[in-house]
Every structure is written in C-alpha cells, then in structure tokens.
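Following the hints, put chains U, A and W in place on chain X, whose structure we already have.
Taken in order, these protein sequences are the chains called X, U, A and W.
The numbering of the first sequence is our numbering, which starts it at 1 and goes up by one.
The numbering of the second sequence is our numbering, which starts it at 1 and goes up by one.
The numbering of the third sequence is our numbering, which starts it at 1 and goes up by one.
The numbering of the fourth sequence is our numbering, which starts it at 1 and goes up by one.
Careful, some of the hints might be misleading.
Pairs count within a copy or across copies, as identical chains cannot be separated in the list.
[What the hints assert, rightly or not] Simulated pairs of lysine-lysine, DSS-like, Cα-Cα distance not exceeding 30 Å:
1. Lys311 - Lys202
2. Lys316 - Lys277
3. Lys172 - Lys277
4. Lys147 - Lys270
Derived by calculation from the structure, the hints in this document are not laboratory data.
4 protein chains.
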Amino acid sequence: MGSVFGKKLKISLFGESHGEGIGVVIDNFPAGIAINMDNVTREMNRRRPGGNFSTPRKEADAVEILSGMLDDRTTGAPIGAIIRNTSQHSSDYSRHYDIPRPSHSDYPASVKYNGNHDIRGGGHFSARITAPLVFAGALCKEFLRQKGIQIAAHLFSVGDFCDESLSEMEYKSYEFLSTKEFPVLNDTSGEAMKAVISDAQKKGDSVGGIVECGIYGYPAGVGDPFFDSLESVLSHMIFSVPAVKGIEFGDGFRMAQRYGSENNDCYELKDGKIVTKTNHGGGIAGGISTGMPILFRAVLKPTASIYLPQKTLNVKTGEETEMKIVGRHDPCVAVRGVPVIEAATAVAVTDALLFSGEA
Amino acid sequence: MGSVFGKKLKISLFGESHGEGIGVVIDNFPAGIAINMDNVTREMNRRRPGGNFSTPRKEADAVEILSGMLDDRTTGAPIGAIIRNTSQHSSDYSRHYDIPRPSHSDYPASVKYNGNHDIRGGGHFSARITAPLVFAGALCKEFLRQKGIQIAAHLFSVGDFCDESLSEMEYKSYEFLSTKEFPVLNDTSGEAMKAVISDAQKKGDSVGGIVECGIYGYPAGVGDPFFDSLESVLSHMIFSVPAVKGIEFGDGFRMAQRYGSENNDCYELKDGKIVTKTNHGGGIAGGISTGMPILFRAVLKPTASIYLPQKTLNVKTGEETEMKIVGRHDPCVAVRGVPVIEAATAVAVTDALLFSGEA
Amino acid sequence: MGSVFGKKLKISLFGESHGEGIGVVIDNFPAGIAINMDNVTREMNRRRPGGNFSTPRKEADAVEILSGMLDDRTTGAPIGAIIRNTSQHSSDYSRHYDIPRPSHSDYPASVKYNGNHDIRGGGHFSARITAPLVFAGALCKEFLRQKGIQIAAHLFSVGDFCDESLSEMEYKSYEFLSTKEFPVLNDTSGEAMKAVISDAQKKGDSVGGIVECGIYGYPAGVGDPFFDSLESVLSHMIFSVPAVKGIEFGDGFRMAQRYGSENNDCYELKDGKIVTKTNHGGGIAGGISTGMPILFRAVLKPTASIYLPQKTLNVKTGEETEMKIVGRHDPCVAVRGVPVIEAATAVAVTDALLFSGEA
Amino acid sequence: MGSVFGKKLKISLFGESHGEGIGVVIDNFPAGIAINMDNVTREMNRRRPGGNFSTPRKEADAVEILSGMLDDRTTGAPIGAIIRNTSQHSSDYSRHYDIPRPSHSDYPASVKYNGNHDIRGGGHFSARITAPLVFAGALCKEFLRQKGIQIAAHLFSVGDFCDESLSEMEYKSYEFLSTKEFPVLNDTSGEAMKAVISDAQKKGDSVGGIVECGIYGYPAGVGDPFFDSLESVLSHMIFSVPAVKGIEFGDGFRMAQRYGSENNDCYELKDGKIVTKTNHGGGIAGGISTGMPILFRAVLKPTASIYLPQKTLNVKTGEETEMKIVGRHDPCVAVRGVPVIEAATAVAVTDALLFSGEA
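The following block holds chain X by itself, in its conformation from the complex:
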C-alpha cells in the first residue's frame, strides 16, 4: 500500500468499503487556520452518493474529527478524522476471490496480497475511500482560499458531448458549480450528457467521462524540477483517484498536432502583472507555475461494475463463466469524480506550496 501522500503536508488514508470505518490523518497542516465547517460539509455532500446520476446507495459520510482542531481552528498537530461505515451489503462479494470482476482490482489485488485482502465492496480500492480525501481537500481549500487561491472543476464531457471550457485566463465566480447536482457550465450540454448517462444506466451499462479542473490565483514559482514538476505531483495525485486513466495539462494531447509558433505562450504586461497572452501550457512551464491559471483534464473510465452479463474466468477452477454484478453502482463515475478531483487537486497544490516555503 502507498497510502501516504506528500512531501510536507502528508495525508494517510485508511479504510475499506465494508470495514468499520474509513479515515485520514493530515500531518503538517498549518496551525491557526480557521475552518468553516459548513464548507467542509458541503464538499462531503457533493461527493456523497444519492443523486440521480450516481448510485442510490446512502452513505451518511459524517466526519468525526478526533484531533488537530480546537474550536474549528487548526492546532498544527496531525488532524485525524474518521467516517463510520454504515450501509454495506457484504454478502455480495466473497465469490469475487474466485471470479474476479473485469477491470477491477480483484485479480491483481489477489496476486499482491495472496488473497488476504478484504474484497467486500472493493475493500481499500473502493471509491468510498475518496470520502476522507474529499475531507482533506476541503480543509486544504479553506487554506487556499485564504491565500486567494480557488479551485474549480466540472464535468467536461460524457460520450460525445462536451461542456464549455473553464477560462484559461481568469477565475469567473465558479462557486455555483459546487452547488449543482450535475456540475457543468452549459446546461444544454449537460442535458445531453445526462441523456447519455441515463441511457447507459437503463441498459445496465456505464459510460466514461472527462473532468476539467482549474486552479486560479496560484503563485508563480512553485514546482520542483527535475522530478517533482507541478505536473508530476498533480498527476501522481490525480491517478490515485479510482477510474482515472489519463491526464493532460493545458492543451495536452492537442499539442501533438501543433507547431511551436502556435503553441508558445508569449508574455505581456496586463494591469501591471506579468501574464501570458495565451495559456496553452496550462499555467506550468518547466514544471513550475507561471502565475497563470493551472488547467488540466482527466479522463475517468466507464464504471467497471456493470449489470450486463460478462464472460470471465473462475481463476480457481480455470473455467470460463458468466458473471452478473449486483449491488448499487454509479453509471458514470466522472460525475462524482468532479468534487473528488477538486479535493485531490487541493491537497496536491497545498503540499507543493507548503514544501516550497511560500506559505
């Protein structure tokens, strides 16, 4: 397990989907930061299942803070927080030791842990483990906001339908995104995406999607080449989010078809501030923040848990078999991926900022 992240701000996650509880320890969070617990609760609610476009499973996700805070203010000591597991149906899972679910961790985890892992609900691999990550991210967002740094993410695409893009140049009151059940900029595109998801759901299938995320107000000069470029530490974190299979910064893969003269971001002075005229590079050059908005997109694969029958293998007997997955699963994990990716981003850029000594 590599359940610790960070160079200065260290995050230790623990928990399994169907164990007693899940949680997080946050080490080196700055002392004396006032935390608006309503904001934290709102972030937890954004990730929580229950909407039309997520699993109908109810998870209370009530966070209990055990240490590191006094009167809603951080003390500088490690922040320990737990969330009880309350809504599990464990009977469904034991057969997956023998018959691993396609594109799940079941089989590789069996190899890694010699079959000792807790497979119920995906165990430690469950997307449920992102709940304490969202909590950690919510604290980081409070800290960042007090530094003038805002993070916004939205569902950029599902199937063939795309939302508008976040601004590459400036922050635009994106707070409203965090209050939407279906977090898109353009509701017409959103309706088209919803239709794709509903269609997949009706068929017992699932569908992939892309989340776009922007970090606004982040200072220039953060990031540690050679190996700890800002892209490196952000991607490290974002690929920790279950289902993410790709990430691109700025114009990303479109750059393969582009000339340098089109792609370079030239400097200019704007309102007395050094900015770039364009932001193809997504706010990072040479691995270091330029002071422009940092932008990336991450693709989340279609949920591996589908209700359609799948032909797979009984690894004990060696016989091919057909499996039907039961339980309650999101038809499109990218939807709830939006707040998770925001939170993960908040943790990563807070760590980079603290390690740099800037904050």
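Quick look at chains U, A and W alone, frame taken from chain X:
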C-alpha cells in the same frame, strides 16, 4: 528542486546544460547485476543529438562511472556517474533573465530562484539533463531484462500522422526500434512524420508528437494503492521528462466516449496463464499491474525554442519586445523523447518492483 | 509535525491528550499475518497508567481497529486504529500558554505553532500518544515473532541502582518481563529502584532512568549505509519517545575509554553459525546487523511535571512567577517507558526488515 | 543502501574508498547564497588525513563542483560535487571477503550484498566517504552563519581524560577550534589525550573518544514531533558517521541519576529574551528547539583497524585464523571525527530549518 526520485531505487540527478558536468547517483540498485556496457552505450547514443531530426549540436555524452560498479557488475553501493559538458555556447543566454523565452522555464524559474538560477542553455531545466536519466534507465533495463521484462517505445504520432500501435497483448521483438534513427513501426507513416518535421524545421518552427511505450513481462501484483498506483508513479516520472504535457494509460482519453461493456477487460485462461481477452486498461487495474503489457502514450509539446520571431516581454523594463531564439534546437523533441521515455519508464518500474519486494 | 515514520512500513500517529481520540495508521503491514489479539491487549495494558509506580490516572486505552484486518488477520490494506480519550481534566492547562512548564514543550511549541497548539495535557506532545505506538509495536511484534525475532526490554537503572544486563549473546526466555509490573531482571535491584522512585514521589519530585532493550534473532545483513544505518533508524525512532535524551548501542559510551584490542568483536563458528566471541558493538557493524543480538540503552529524563514549586516566567507579562503543577504524573517515566521502547523498537526493525526485502 | 538524507535539503552520497571517485549531490540548497570557498577548503583540510594523530595516508580531497553554483553563488539547482580517489593500495583487501575484519562491515556487508560489495578500503563504508559530507556541511555552515547560527565541536574525551565543556548558555568565539590540529578547549587536557593516543598507536592499538558539539543561535520552534524531533533527526544523521555508537543531548545519561527538580530548565527573561536559567535539556524540549544552545555528545569507538594480531574466522573454510591488518589507519577516529560531526550536524539542522519554512 526535487531532483530525487524513488521509494527504494533512488535517483538523484544534477547538472546544468552549460555547467562543468551533469550526472546521477543511483541508490539501492541491486548488488551483483552484470551490466552489458555496450547496451548502455547504445542507449546513450540513441538520446544523443546529431541526427537529421534532432539538433546538430554534438554532445559526446561519455559517461564516467565513479562508484558502485566493479568489473561491470553492480556492488550494491550507490552508483555515481558523471558526464562532462563540452559543447556549450553560453553567450546566447544571459539576455533571457530579462526577456524570458515563451513556454520555457526562464520566467517561472526567475521567480522561484530570485534570478539566481543558471539560465545558460536552460540550466538544470535543459533536456540535456535527460542524459544521466538515460544512463540510469539503461542500467535498469539490464536489470529488468534479466527478470524477463522488456520495455519498448516508439514515435506514435507527429502532426496528423500516426504510426501503428505496439501490441497490447504480447512482446514482438521490438529490439529493432532501438537501432532506428527514426523509431517507428511503420516506415511509411514514418516518412510522413519526417516530412512534417522537415517542413517545420524549414520554417524555423517546431512540431509536437506522441510517444507510445510498452512494458512487457511485468509481473502482476505490483503497485501501491491508494496514492502510489502504478499509473501515479509512472506519470510522476514521465511528467519529469521536459516537454511532456499529457499521459494516458491503455485506451486513455478514448474511454470518455465508451461504455463499460466495451471497455472492461474480461479474464480468460491462455496457455495456462490468466490473461485478459482485451487490454483497454493498459495492464493496470485498481492501480496494480495485471500481468498484461503495460501501455501508455505521452504527448510532447512542440519544442519551445523556435527560430521564428516572437513577441514577448522585457520583464525588467515592462516593454513588449520581439525575440529571435538562436542556437541549435530539435524541431521535434518527441523523436529523441523516445529513448528518454523508455529510460524514465525503466527507472520507475524498477523502483516499483524493488519496493514491492518482488525482485 | 513529523508524525509519519518509516520507509516501507509507514506509521502515522495522531491525537492529543485531551482531544476526542488518538490513533494510528499503519501502511504496508504485510498481508496475511495472524494477530493474537490477547498479546496486543497485554502490550496495551503494560503501557497503561494505573500501577504504583505510574500515574494513578485511569485510561481505558481500548483500541478500536477500523480497517486493515479481517478475522484477526491482516489484509495488506492500511490498518487504522483509534483509542477514545475518556479521562481528561482540561481545566488545569490553559494558563500554560502564558506560563510554560519548565522542560516541557509548552514554550517551544508556542513559538512553532504561534500559540495555536492544543496545550491541554501536553496535546500532541503528551506521552499518551505512545498508546497507539504501542499498538503498532504490538502488531509488529506478532510479525517478528513469526520470523523468530524477539524483543525484550527492562528497566536497567534508576538513580544509582542498576539491574543486571540482558544477555549480549542469546535470548533467555525474557517473556516474563512483560508480565511484571516493575520490569527488572533482578528483583533485589528492583526493590532499590522502587525505593528511589517512592522517595521522589513522596517529595513531589521525579527521577530519571535507563531502559535497556535487546532484539534477538534478527538476521544479519539488514541496515542501509550511509545514512540509514540500523543505529540511525533505531535512534531516530527511540528519540521520538518522549523524555528520551540519550541512546547507546552495545558498550556505547564506555568505548571512549577503551582500546580497539579490547573492543573489537572477533568472529568464530558456533554450532555451525558465524557469531562473534564478544558483542561490544551491540549486534551492528558498519551500520548493518551482524546476526548477533542488537542491544541498546536509552536514558529517560526525570518527568518534567513535578509537584514542587518552580520559579519560571510569565512569557506574556515578562514577570517571573512561581508555578505548581497539578494533575497526575508518573514519578519515573522510565518504568512505563519499557513497553513503549519495546514497541518503538519493533516498529523500527520491522520497517528495516521489510524495506530490505528480507521479509 | 540509504545514501540519501533529508526532507527538504536532500543529500545523496556516493563513492568507495578505492573506486574512481566519491561525491555528493545536494538538492534544494537555497538559491543565491554566497559561498566563501576558502572556508569550504579549510573544512575539507580539517578532515583530511595527514596529521600526527591521524593516518599518514595522503588524500588530496580536492573538490570539483560540477553544478549548482555560478561565481561562488548557489543557483538553486542541485549541487553536484566530486572528489577523485588518488591514493589507494587495493591489493591489501581482497582476503577480507573470506576473513572479515572484526568490528568492520566486511561480514554483514557480505551477507547484505551477497559478496558483491567492493571491499577495498572498506568500500562505501570507508570513513573516506565522509569527505563529501564535510563538503556538504561546509556549504550548510556558510548558509547557517548568514542566519546567525554557529556550530562548534571539539574532542571532549579520550580514554580517561576530558576537555572542558562547551558553554551551554552562549557562543564563545569557538572559531579557533577549527584551526587547531587537535581540537580541544583546554590544551593541558589535550596533551593528556594525545599521550593516550600516541601510546595506543605505539602498541599497534587504537582508542575511543567522545566529540561534543554545540549549535548556537538556532531559532526556537524548529523540530517536528512526534517522529521527527530534533533529537531524532540529529541522531539519525550522527549515527551515519562511521564509528559513532552513542549520542546524548544536554546532560544525557547523567539524567538517569537525577531528580526532576534538579533537571528542569526554568524560564527567565534575559536582555529581553526568553531563555532558560539552566540548559540541562541541551536546547531541545518536546523535540523542538528552545532557542538555547543545542548540545550533544557522541562517542566514537576505537578504530576497528588495529595492527595487533586478532583471532578471527575464515568464513569460507570455517577455520579460526589469526589476522594482522596492514595499511594506514587512524589511532583515534574521534580526532578527525570532530569536523565530520560538525558537518553532519550542519546538514541536519539546515534541513530541519528549511523544512520548517523558517529559512
């Protein structure tokens, strides 16, 4: 700086483009591994500038190993290796403290280091620093080969032209790629790509490209969720390679438009071995290797150093100015990016393997 | 805060003396290890206050395991465990923000955290935080025992009175130490030490002591020069235990007065095994384990919390003042330091073993 | 190998005694620090063998800086530096694969590296590897001095003779220590120590000693409980220095015989500054610096390489044999240990300061 990578195999890079020398320390490389130095030299030559599709600059890149080896066999002690810098034209660079090159590290590095960084040739941000990384990767490839693990990369696309894909299912004698000046699978596509590069070069411009990389024979069960998924550690490393702006595993961004029923990789028994019928996931599920080939693509932006005039800013005076970059620069960094990405991959997957205790 | 320890087995501690609860996350504990929970409970009880030579404070110290175990067997996922705080008297402490207790963390912590730290009961600096460390150590001892490795510690000295030494050459059924309220080898010496402690307690004072610890059955070849010598990683851990102010391996400080010819440990063959004739070096040479018992002694300062009046400073007003500490405090922290040092040792040597890939 | 140290300032050492060269990479050294190279050279000379009380072996120890500096000023990029090996007599060593030297790394290293290690001159375990550490320390001392922080060490004892102690309360122009061949405060004691060393040398023997080190001007509030207390990180580093077998902070082991009322350091105001009236704790309380001088003593064992015949084992044949060590070896490693421990200390406290964000 974050010039140390790894959890068990630790790599420390150092050096600037126009300093005295560059090098690497490799800590915790296993003892008793015989190294074929001809293979190491071939890898160094692959990265070295000088071909038609790279910069005409000549760099000898002769590696001197100072420690950690006896009679071409590793001792278990840290391997220290240096490469002298011999071919620098430093006069060209000092003006870039004031007039930062677009999409280079010049400006953000000035902020980070308060203008104390060595800007000549890009300093520590130079792609030249990948030479010792290629050396480290070459040693790792020797180690991996002895474990039955092969790494192959090729230039997948430039502009609108694509090469064939590496096999998702099995290794196919890809050694020939490492002997080609222009490392593609299909030479017809290769000629088209070359034409795009030559065209850009003639115009004083540059062009982007995509490198595809496969890891074959890697055992199932390696990778450390939550945060150190194999995708996380590979992407962390690959984004360290200058110019990389995106990475995707398996089918990556194509998954956004796909249904779970299309995307899931079902298990079967083949020649007595548990495999998947398809490999959309690129050999990784739940962050852990499945035993299938691990596949990813990385996009490299068009070289930021172009000869066309660019409008940019004198950050000292605040005046807009036009700059023309001189010197010798690759028209498409993706070409020489191929051996660099192979090497970086070799380091990352060796570290993951050693940390897992598997090797 | 640096509340994370370890290179492979990572331990994250959290909690404050008077907060909601304390706990630990243990990452990378091997999968499939059967844990005898009775042994774990016994270790917790050894550290728990309540005996004659410790504070009369009652702490239930009931550990709740939230994750990482199924049916008393480890799953390979992070083990998260919490202990509720139940017996606090917080009213006593707030004045210590202004009037820091001598030789406590109060003043330096105020500087570090700008006065935001939780000072109640010492907060995160409280010896109470060793409870989850003892839990982590108890799991490690289960793992080590299954590898044939035993750890034993005892109270070596208090005041001018010394116990016998642990054997430098072989393990001698030291299990009985873990069942003694006053863990010494020689009860006559033990009575003398008890008298010193009782005398100090009656006077409202405290007294220091030395704990000796032996690790038996540890394989040769573990330890990572240059910086991660076995002495380095053990001392790093042992100095984390509150009150420890010195450590020596083998004959330690006595070596200053000794000749090489007296001090060197020569090899011989004994029962077909390579051993040393003497073990002055405490089982470590060149930073690596020799296969002989690893022995060290750690000194614990007299408890800083004494009931005698002390002249100190009101740091807000700048006036000298007299303080009397109230509350319940151990007259000799070295007594309960014995199981804590055993546990800390178990964690450190387990991490070294796992990192080496030996286990 | 664990040849990387540090959380922010990362030091990677490499090299073997009789290889091509040794060196160090220093990552994250602050940018823009002017380095007085004469000071650096003086530090290198202090460690260099050649004096009456060290080995007659001559090592030029000329440091070549390859990167990270421009015009004697740091750039912020990793500082790579090498030292060529020039004065080796390698023929002496090969027999030690079979006949390990007592109290040397030979045998445990053979187990660890399966006999693949470079045993010549002790290989990577050689005290010669401290030369690049002294270089790194010299740079750190330049940085610290500019922050008003001074480090001083001296030979505190050899055999039964002790020097005076460093001041626990304030810095006293200890620069003169760095210019003395035999670094003691009191020359009368020094002569007695010299006599002990000369006597041991004449007999073909060696003798141990204690080095005392003080850090003056270090700010209050640095150190990271729980695990990264200042004692933890300093001891981790100091035990990396070959031959160190014990360390104590402040009054250390004397505290075992002491009452809390004697040992506590009470606060007072002196010249407007919060200080302690005494400094038994050695400038650290609760693992955090108090602002008082930080003081510790480290014991170095008698040099394991002695010329007297020793009975030991041929581990290949299983026969006992007598060995006589040849070559040139210090009769008391503690003498040259003084500048090494100063340097190691400088690295450790610089890292702690940088990590804390204080500098």
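Right, here's what the structure says about each hint:
no., hint, in the structure
1, Lys311 - Lys202, "within (20 Å within a copy, 54 Å between copies)"
2, Lys316 - Lys277, "between (60 Å within a copy, 18 Å between copies)"
3, Lys172 - Lys277, "within (18 Å within a copy, 46 Å between copies)"
4, Lys147 - Lys270, "within (21 Å within a copy, 37 Å between copies)"
Consistency with the previously given hints is maintained throughout, with no hint failing.
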